[in-house]
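Visitor: Knowing the structure of chain E, use the given hints to seat chains U and R on it.
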Amino acid sequence: MNEFLMLFLEYALVKNFILVMFLGLCPFFGVSKKLKEAIPMGIAVTFVMLCASVITWLISQEILIRFHIEFMEIVVFILVIASFVQLIEMIIKKTSISLYKALGIYLPLITTNCAILGIVEINFQEGYSLLGSVASALGAGVGFILALSVMSGMRERLELSNVPKSFEGLPIAFITAALLSLAFVVFGGIGL
Amino acid sequence: MKIKELTKGIVKRNPIFVLALGLCPALAVSTAIDNAIGMGACVIFVLLLSNLIISLLRNLIPKEVRIPCFIVIIATFVTLISLALQSYLPELNESLGIYVPLIVVNCIILGRAESFASKNSAPDSILDALGIGIGFTISLILISLIREFLGTARISIFGYGFGFPFAPINFFILPAGAFLVIGILLALFKKKGLVR
Amino acid sequence: MRESLKRVVVLTLIVLISSVVLYQAYNVMEVEERTAAYEQLKFEKMLQTIFPSETRDVYNEENDFYRIYSEDQCIGYAFMTIGKGYGGDIKILIGLNNDKTIKGIEIIKQTETPGMGVKITEKWFTDQFGNTTINEIGLKRSGGEIDAITGATKSSRAVVNAVHETVIEKIKLIEKAGEKK
Chain E
1 MNEFLMLFLE YALVKNFILV MFLGLCPFFG VSKKLKEAIP MGIAVTFVML
51 CASVITWLIS QEILIRFHIE FMEIVVFILV IASFVQLIEM IIKKTSISLY
101 KALGIYLPLI TTNCAILGIV EINFQEGYSL LGSVASALGA GVGFILALSV
151 MSGMRERLEL SNVPKSFEGL PIAFITAALL SLAFVVFGGI GL
Chain U
1 MKIKELTKGI VKRNPIFVLA LGLCPALAVS TAIDNAIGMG ACVIFVLLLS
51 NLIISLLRNL IPKEVRIPCF IVIIATFVTL ISLALQSYLP ELNESLGIYV
101 PLIVVNCIIL GRAESFASKN SAPDSILDAL GIGIGFTISL ILISLIREFL
151 GTARISIFGY GFGFPFAPIN FFILPAGAFL VIGILLALFK KKGLVR
Chain R
1 MRESLKRVVV LTLIVLISSV VLYQAYNVME VEERTAAYEQ LKFEKMLQTI
51 FPSETRDVYN EENDFYRIYS EDQCIGYAFM TIGKGYGGDI KILIGLNNDK
101 TIKGIEIIKQ TETPGMGVKI TEKWFTDQFG NTTINEIGLK RSGGEIDAIT
151 GATKSSRAVV NAVHETVIEK IKLIEKAGEK K
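Chains as they are written, first to last, in our numbering: chain E, 1 to 192; chain U, 1 to 196; chain R, 1 to 181.
One chain only, chain E, in its complex shape (with noise of 0.2 Å):
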């Protein structure tokens, strides 16, 4: 339990996906100018990276692994990520219209979001266990949807102050993240 504890918080905080790992960056600067938005995004993120963390930790020890061929782990994982996504936009598709046009032409792009390659990539390097897999794609999730709400909000708030015409948009996006990166050094200290 603990050894859960310890890796969701270290990859929810200490070694947070967007502002610490740069991982998942498209979405964080594309879709964080609404709270609305971000929200049910980083919800999607987090459920393909549990999901894609899952079926990948079968596929490396049942395949991988057994049959000495861990080379193709790449091809592999990014054709996994790619056919669930699609497998989940089918679903919400057929399931829930309005669901479907709220994620629009987000829910592609989850396929080649850093952050799901990247935890799958994590858990294989690192040799966690299907529970650590879970445990740390579960941190990576949440704290990727803290950043992209604080953040949100944080540009919610910036667009309507007066910031000077270079800096509109992206720049000052940047700079903030800057700040709430910096922010989130404090959490090393957490009694891991």
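Don't take every hint at face value.
Think about it this way: if two alpha-carbon atoms lie no more than 30 Å apart in a straight line, the pair counts; the simulated DSS-like pairs of lysine-lysine are [claimed, not checked]:
#: 1; chain 1: R; residue 1: K84; chain 2: R; residue 2: K100
#: 2; chain 1: U; residue 1: K63; chain 2: E; residue 2: K101
#: 3; chain 1: U; residue 1: K12; chain 2: E; residue 2: K93
#: 4; chain 1: R; residue 1: K91; chain 2: R; residue 2: K45
#: 5; chain 1: U; residue 1: K190; chain 2: E; residue 2: K34
#: 6; chain 1: R; residue 1: K100; chain 2: R; residue 2: K172
#: 7; chain 1: R; residue 1: K109; chain 2: R; residue 2: K140
#: 8; chain 1: E; residue 1: K165; chain 2: U; residue 2: K8
#: 9; chain 1: R; residue 1: K6; chain 2: R; residue 2: K45
#: 10; chain 1: R; residue 1: K6; chain 2: R; residue 2: K119
#: 11; chain 1: R; residue 1: K123; chain 2: E; residue 2: K93
#: 12; chain 1: R; residue 1: K172; chain 2: U; residue 2: K63
#: 13; chain 1: E; residue 1: K34; chain 2: U; residue 2: K191
#: 14; chain 1: R; residue 1: K42; chain 2: R; residue 2: K6
#: 15; chain 1: U; residue 1: K63; chain 2: E; residue 2: K165
#: 16; chain 1: E; residue 1: K94; chain 2: U; residue 2: K63
#: 17; chain 1: U; residue 1: K191; chain 2: E; residue 2: K165
#: 18; chain 1: R; residue 1: K6; chain 2: U; residue 2: K119
#: 19; chain 1: U; residue 1: K190; chain 2: E; residue 2: K36
#: 20; chain 1: U; residue 1: K191; chain 2: U; residue 2: K119
#: 21; chain 1: E; residue 1: K165; chain 2: U; residue 2: K190
#: 22; chain 1: E; residue 1: K93; chain 2: E; residue 2: K36
#: 23; chain 1: R; residue 1: K172; chain 2: R; residue 2: K84
#: 24; chain 1: R; residue 1: K6; chain 2: R; residue 2: K91
#: 25; chain 1: E; residue 1: K165; chain 2: E; residue 2: K101
#: 26; chain 1: R; residue 1: K176; chain 2: R; residue 2: K45
#: 27; chain 1: E; residue 1: K165; chain 2: U; residue 2: K119
#: 28; chain 1: R; residue 1: K119; chain 2: R; residue 2: K170
#: 29; chain 1: R; residue 1: K123; chain 2: R; residue 2: K109
#: 30; chain 1: R; residue 1: K6; chain 2: E; residue 2: K94
#: 31; chain 1: U; residue 1: K8; chain 2: U; residue 2: K63
Hints in this document: simulated from the structure, not taken from any laboratory.
Guide: Relative to chain E, chains U and R alone:
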């Protein structure tokens, strides 16, 4: 040979500052110039070869499965360069870490494959890849130069370097420093009209 | 029907070709052998830093430690441990003299904060562990002899604790193994 295809990737369609693609490795790897050069080289390798192959096969791959096909092709080249690093440049491999496999999902590569290579001839696609790749590498080196200089008060390339007589500002080596450097560079380029 | 078939065939073909190419590359580049050789080289280098003279090591698999020999004389022992640092695991190599005092340590792998916790890899910090007895392994503020890194107490303490605990544990195992000989 259209030279314009080559140069557009460096300024007009600069992947990092204009298209805002491929940020993940840019920020993560830019703590040292050596890493920037290494990552740039890897990306150029993958971009060149995947653009080439995809361009050559563009009439053979059915539209509906093109994305998965492109992904597998790109993943193959990424794996190749990753294996090469493991065997021949293990230290660089350690420095770049998980960001090497992540080249697969680097939006730049899939983006160019989808928007250019799948619709253009092989020679044009090669030039496009080279241009974008060089643009990416130059941007990465620029960011790393600033971060390494300010953050460690040293500049070193492949072991040859020199120090500077001021106290290093550790902030720039931290992740926050990366965000700040890019933010300020973006603002600067915007002011100079290079970026919209 | 023909369309669907074509799609599946093309994708499968590409995956197959990819597998073959990668399999060949994996063997031609001797990835496995070279990686193993590199790891071994790194280990030997680390060991050399702690035991500077011409040495060879013999691994005791049962208890996970190395006996270090110089010209057929056992001059010490070495073993690895993992400390829980600020940014994750810290892998440490510890060298022990015959008289069970600590010869020195080397930080093999860490992901501490750049510019702060990373300083545990610096010579002045690891040198403090050289020629010490187990009782001296502790932070100065806690009665030991090790100076922590300013602003990186957690990283420093992680190393100190890991070394302290592991040395005590390994000394017991070494003595037990010694008796079996």
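Visitor: Each hint should be assessed against the structure and marked as holding or not.
Guide: For each hint, the structure was consulted:
1. R/K84 - R/K100: With a Cα-Cα distance of about 24 Å, the restraint between R/K84 and R/K100 holds, given a limit of 30 Å.
2. U/K63 - E/K101: holds, 23 Å
3. U/K12 - E/K93: The hint is violated at about 38 Å.
4. R/K91 - R/K45: Judged against 30 Å, a Cα distance of about 15 Å means the pair holds.
5. U/K190 - E/K34: holds, 24 Å
6. R/K100 - R/K172: holds, 10 Å
7. R/K109 - R/K140: Roughly 24 Å between the alpha carbons, so the hint for R/K109 and R/K140 holds.
8. E/K165 - U/K8: Measuring from Cα to Cα gives roughly 26 Å; hence the hint holds.
9. R/K6 - R/K45: violated, 55 Å
10. R/K6 - R/K119: With a Cα-Cα distance of about 58 Å, the restraint between R/K6 and R/K119 is violated, given a limit of 30 Å.
11. R/K123 - E/K93: violated, 59 Å
12. R/K172 - U/K63: violated, 67 Å
13. E/K34 - U/K191: It holds: about 26 Å lies between the C-alpha atoms, which stays within 30 Å.
14. R/K42 - R/K6: violated, 50 Å
15. U/K63 - E/K165: violated, 42 Å
16. E/K94 - U/K63: holds, 23 Å
17. U/K191 - E/K165: holds, 8 Å
18. R/K6 - U/K119: Given pair R/K6, U/K119 holds - Cα atoms ~20 Å apart, limit 30 Å.
19. U/K190 - E/K36: holds, 29 Å
20. U/K191 - U/K119: Roughly 34 Å separates the two Cα atoms, so the pair is violated.
21. E/K165 - U/K190: holds, 9 Å
22. E/K93 - E/K36: holds, 20 Å
23. R/K172 - R/K84: Cα-Cα ~22 Å, so holds.
24. R/K6 - R/K91: Answer violated: R/K6 to R/K91 is near 51 Å, above 30 Å.
25. E/K165 - E/K101: The given pair, whose Cα atoms are some 33 Å apart, is violated under the 30 Å limit.
26. R/K176 - R/K45: Given that 30 Å is the threshold and the Cα spacing comes to 28 Å, the pair holds.
27. E/K165 - U/K119: violated, 37 Å
28. R/K119 - R/K170: Distance of about 26 Å is within 30 Å: holds.
29. R/K123 - R/K109: holds, 15 Å
30. R/K6 - E/K94: With a Cα-Cα distance of about 26 Å, the restraint between R/K6 and E/K94 holds, given a limit of 30 Å.
31. U/K8 - U/K63: holds, 27 Å
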